[in-house]
Amino acid sequence: MPIKGLTDRGLAFPEIGQIRKGAKKTESKPGADLTYFRVEFGDGPADQESARVFLATYGPQPREIRIILPFDEIDRMWDAWLEGYVAGRMVARADGDKYQYLVSSDGSLVVKNGVDVKTNMERPYIDGQPCYWYTNTRGERVPVYCKPSGRLKVIIPELARAAYLTVLTTSIHDIGNISQQLEAFRQLNNGRIAGIPLVLRRRPKAISTPNPNDPTVRVRRVKWLLSIEADPEWVKLALSHAKKLALPGNGLPLLHEPDPEGESEFDQDDFEYDYNQDQTTPAEYEPESQAPASEEPESQAEPEPKVDDDLTEAQEMTSTDGKRYGDLDSKTLYLMRSSIQGALERGSIKVNGAMRELTDEERNLRDKKLWAINTILISRGEKIS
Amino acid sequence: MDVSGRGHYTARKDNMSEQQESRDQVYDQVYAPGIIRRYVCAGCYGQLISKPIKGTRDEIVFCPQCGEHRGLVTRRFAEGRKDVSASELNEVTQVLQKAGVLPAPVKKTASQLLAELGF
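Top line first, the protein sequences correspond to chains A and B. Residue numbers for the first sequence, in this note's numbering: 1 to 385. Residue numbers for the second sequence, in this note's numbering: 1 to 119.
Don't take every hint at face value.
Result set (DSS-like, lysine-lysine): computed pairs, CA atoms no more than 30 Å apart in a straight line [unchecked claim]:
#, chain 1, residue 1, chain 2, residue 2
1, B, Lys98, A, Lys236
2, A, Lys118, A, Lys350
3, A, Lys350, A, Lys147
4, A, Lys205, A, Lys323
5, B, Lys54, A, Lys29
6, A, Lys369, A, Lys323
7, A, Lys323, A, Lys236
8, A, Lys25, B, Lys108
9, A, Lys112, A, Lys331
10, A, Lys368, A, Lys223
11, B, Lys82, B, Lys51
12, B, Lys98, A, Lys29
13, A, Lys236, A, Lys205
14, A, Lys112, A, Lys147
15, A, Lys244, A, Lys368
16, A, Lys350, A, Lys331
17, A, Lys29, A, Lys147
18, A, Lys147, A, Lys236
19, A, Lys323, A, Lys350
20, A, Lys147, B, Lys82
21, A, Lys112, B, Lys82
22, A, Lys223, A, Lys205
23, A, Lys25, B, Lys51
24, A, Lys98, B, Lys51
25, B, Lys54, A, Lys243
26, A, Lys98, A, Lys118
27, B, Lys108, A, Lys24
28, A, Lys147, A, Lys24
29, A, Lys323, A, Lys368
30, A, Lys147, A, Lys223
31, A, Lys24, A, Lys205
32, B, Lys82, A, Lys24
33, A, Lys24, A, Lys350
34, A, Lys112, A, Lys98
35, A, Lys323, B, Lys51
36, B, Lys108, B, Lys98
37, A, Lys244, B, Lys98
These are computed hints drawn from the structure, not numbers from a lab.
Okay, chain B solo, but in the shape it has when bound (with noise of 0.2 Å):
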């Protein structure tokens, strides 16, 4: 079966072209709660829901915040570009400190340290 659920799409624009068709986030009534579970919005990396298209065994899944075209990814990638996003902002900052880009962070004396921690 076409997970896609196109052959029964039929409330569109019949001089769509195929390009803007297959960019379309409509999936078969019957999948599109495993494509919610397994994937999540490519803008926000947010939860997408589903809502039915009149007519047919369609459904559109999308992004409350982002829309119907923004594009999906699994949510393992998501979750793995979460988990190195930090180490890669440690490294970035070095570099851009190095670069100028950032200033440099300020070496602060222990009696200063002392006065702001309420010694």
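Chain A on its own, in the form it takes in the complex (with noise of 0.2 Å):
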């Protein structure tokens, strides 16, 4: 039998504590929400220590905390799903299209991993519709609904172990903030994450909550939400990496460039021939050509283009299989954002075989997806119609 604390469940890579929103429940009802976060350690002597380290570094009450994300596949480190328990167990777990696991009423399995059991067919999931009844102390049947669930594996820098804490959260708005987030910094940093240094913030912000009085009625209520954002020195660092791979010869000089605080070895006279503008050469100055009369004079260097931080932000874009944008042929970006722009017009995508509606959040990045095609599109000579 494992002993708490000291086999930390057999895991080698293990979950030493949990970052929660709010206070801790009563009997009666659940912990109000905090505008800190409120974090728990577990009870071994390693995960004591830890607790010890991150109240010295952090403090009590805490609103912002310093993570590294373990890895880079953003699914095997956030969990988003609409769950429904019962007598401690989870009975449902749905993704809001289908259910991915369901048990019934009398015990037996329904769904496993997203198929009937029985027919072998996906199991709809339908919103406000209950995932499964019980019978409560005085006789009567309960339903039991899905209810969001998200949860983050991150690790604290600050206690130096490879071990994780859980940022846990069932709010709809700080699950979809954090899936786009996460998506963000992996199409930015061309599909990586782990190890970026980030901070996890809670944040004020006004969202439309029901009204305990009147359900019917929603009124607007500032919560603290969650927010996952990037070191800003890393930021900065990876800002001017990015803009510096743009650049040709990497930022390199190509060209002599003539010394501002001394006399230049080469006379002012060696630079008439000026390469913004074309190729001609004015009717006073013919240069002396080098090479043999037989041999073909070198053609002058084409001229190199100003560098541009939209194209280069533009091609520094990455698609969901983290290709850049920049290195993909025109033909393939025609494609694409013949796609977006279908995607765009209907105001809906195909999801598991079924429309669903844009959220803005999805309009948004593919109106920043079309924008960059453009750009790369135009860049090239294409032509937009």
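Join these two chains into a complex; the hints should help.
If you want it as structure tokens, here you go:
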């Protein structure tokens, strides 16, 4: 039998604590929402030492925590599902479209790995429909509904341990936010997010919530939502690195630059050819050709194009399979452009065989992708209809 | 038959919320052994045990280490997590060494290794 704190569930990469948004729940109701994080550690000696280090670094009521994500693949560290629980165990899990896991009231397994065990088909999830029923102490049948549940594995660098804490949230706003932010980091960093220094913050935001006195009415309330942001120093370094890579010659000087402090070893008259203009030379100057009469003179180097920050940003965007837009050929870009334009015009996308309306975030992302593709095509001299 | 056995469970406070009630790990005595066989504690992945509730046909299923309300996960899930955990540790260790959180491994020379081995 495992010993608490010493075996850590028998995991080599263990969970040593949890980061929560609300106060501890009471006997009769859930805990109140807080404006800071409530962090709990395990009971073992190593976990308690980590708790001490955390407290010394962040204090008892931290609003921001420096984190590192453990993996590049988002679904290995971020779980967001609609889940139903009864008697301490999960009885239903859905992705909003279909059930991934479902247990019936008699205890038998109905859906496993997204497929009905009897019919071998998907079982659709319908919002507002109970996923389970149980009988309460008064003999009444009580429905159980699935609720959103988000779990993010994070490593706190100050603890200097190969162990994670789980950030827990049941807010659909947090779940949407975190999903978008992780995907954005992954796209901006060419599919890599593990090891990037990030900051997990609680930020106040006014959101629509049901009025407890009248559920048919919604009111706007300020809630302290989760936000994952990149460390500013890392952002500065990453942007300057991307800019350097985008420059011809990786930012190294390709032409000799005149010495501003002393006399140049070259005479000014030697620089009569203006590379920013066309190739024709002025009539009063004819350069002396050094090449033998039988050989063609070397062609002049084409003027280097001015580096455009927008073009750099567009080229650095990556597709869902991690390829840089700048590396894709024009034909592929045209196909992608057509697909994105279609989705934006319809206002919907096909997910698991069914059409679903685009959310605002999805629309914005597609707009940005369309802008990037158009920018690259224009820079290549391609036609944009 | 309702496997959770709630219809027979009367030894709780009447004013307990349904939210609280649904968290209690209470099962009909017929189904409790099956739950213990198929599930482990969500907190420590340890073996569950049960105790009967006096005056009813129900039993509370709980973990002797973590208590009554820690939750249950399937044994299969727990074993799956243990299987991948070792490879996760390797991967995460490299990430943390690259990020400067963990110290890089110290490369030892051949003579140092031999000395450690007693040669």
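Results of checking the hints against the structure:
Distance check on the hinted pair: B:Lys98 and A:Lys236 sit about 19 Å apart at the alpha-carbon level, within 30 Å; holds. Between A:Lys118 and A:Lys350, the direct Cα distance comes to roughly 27 Å. Compliance with the 30 Å bound is thereby established for this hinted pair. At most 30 Å may separate the alpha-carbon atoms for a hinted pair to count; A:Lys350 and A:Lys147 meet this at roughly 24 Å. For the hint linking A:Lys205 to A:Lys323, the alpha-carbon distance of about 35 Å lies beyond 30 Å, and the restraint is violated.
Annotation: proposed proximity of B:Lys54 to A:Lys29 holds, straight-line Cα distance about 26 Å (limit 30 Å). Restraint check: the Cα-Cα separation between A:Lys369 and A:Lys323 comes to about 13 Å, which is no more than 30 Å; the hinted pair holds. Distance restraint check for A:Lys323 and A:Lys236: the Cα-Cα separation of roughly 23 Å lies within the 30 Å cut-off, and the hinted pair is therefore satisfied. A distance of roughly 52 Å separates the Cα atoms of A:Lys25 and B:Lys108; the hinted pair therefore is violated under the 30 Å criterion.
Of the supplied pair hints, the one linking A:Lys112 and A:Lys331 is violated, its CA atoms being roughly 41 Å apart against a limit of 30 Å. Of the pairs offered as hints, the one joining A:Lys368 and A:Lys223 holds, with about 28 Å between alpha carbons and a cut-off of 30 Å not exceeded. For the hint linking B:Lys82 to B:Lys51, the alpha-carbon distance of about 28 Å falls within 30 Å, and the restraint holds. Between B:Lys98 and A:Lys29 the alpha-carbon distance is near 44 Å, which puts this suggested pair outside the 30 Å criterion.
At roughly 27 Å between alpha-carbon atoms, A:Lys236 and A:Lys205 fall within 30 Å of each other, so this suggested pair holds. A hinted pair counts as satisfied when its Cα atoms are at most 30 Å apart, and A:Lys112 with A:Lys147 qualifies at roughly 19 Å. With a C-alpha separation of about 23 Å, the suggested pair A:Lys244 and A:Lys368 falls inside the 30 Å cut-off, and the hint holds. For the suggested pair A:Lys350 and A:Lys331, the alpha carbons sit about 23 Å apart, so the restraint of at most 30 Å is met.
With a CA separation close to 16 Å, the supplied pair A:Lys29 and A:Lys147 stays within the 30 Å bound. For a cut-off of 30 Å, the pair hint linking A:Lys147 to A:Lys236 is broken: about 39 Å separates their Cα positions. Only pairs whose Cα atoms come within 30 Å are accepted, and A:Lys323 paired with A:Lys350 is accepted, the gap being roughly 22 Å. For the proposed pair A:Lys147 and B:Lys82, the alpha carbon gap of about 27 Å is at most 30 Å, so the pair holds.
At most 30 Å may separate the alpha-carbon atoms for a hinted pair to count; A:Lys112 and B:Lys82 meet this at roughly 20 Å. Annotation: proposed proximity of A:Lys223 to A:Lys205 holds, straight-line Cα distance about 5 Å (limit 30 Å). For the hint linking A:Lys25 to B:Lys51, the alpha-carbon distance of about 25 Å falls within 30 Å, and the restraint holds. A C-alpha spacing of about 37 Å is found between A:Lys98 and B:Lys51, which places the hinted pair above 30 Å, so the restraint is violated.
Note on B:Lys54 and A:Lys243: the hinted pairing is violated, with a Cα-Cα distance of about 72 Å set against a maximum of 30 Å. Taken as a hint, the A:Lys98 and A:Lys118 pair is honoured in the structure, with Cα atoms around 16 Å apart against an allowance of 30 Å. Pair hint B:Lys108 plus A:Lys24 does not hold up; C-alpha atoms about 49 Å apart against a cutoff of 30 Å. Between A:Lys147 and A:Lys24 the CA atoms are separated by roughly 19 Å; this keeps the pair inside 30 Å, and the hint holds.
Simply put, A:Lys323 and A:Lys368 have alpha-carbon atoms about 16 Å apart, close enough for the 30 Å limit, and the pair holds. In summary, the hint linking A:Lys147 to A:Lys223 is supported, as the alpha carbons are separated by about 19 Å, within the 30 Å threshold. In summary, the hint linking A:Lys24 to A:Lys205 is supported, as the alpha carbons are separated by about 23 Å, within the 30 Å threshold. Restraint check: the Cα-Cα separation between B:Lys82 and A:Lys24 comes to about 29 Å, which is no more than 30 Å; the hinted pair holds.
In summary, the hint linking A:Lys24 to A:Lys350 is not supported, as the alpha carbons are separated by about 41 Å, beyond the 30 Å threshold. With a C-alpha separation of about 11 Å, the suggested pair A:Lys112 and A:Lys98 falls inside the 30 Å cut-off, and the hint holds. Proposed proximity of A:Lys323 and B:Lys51 is contradicted: the alpha carbons are some 57 Å apart, above 30 Å. Of the supplied pair hints, the one linking B:Lys108 and B:Lys98 holds, its CA atoms being roughly 19 Å apart against a limit of 30 Å.
For the given pair, A:Lys244 sits about 22 Å from B:Lys98 by alpha-carbon distance, which is consistent with the 30 Å threshold.
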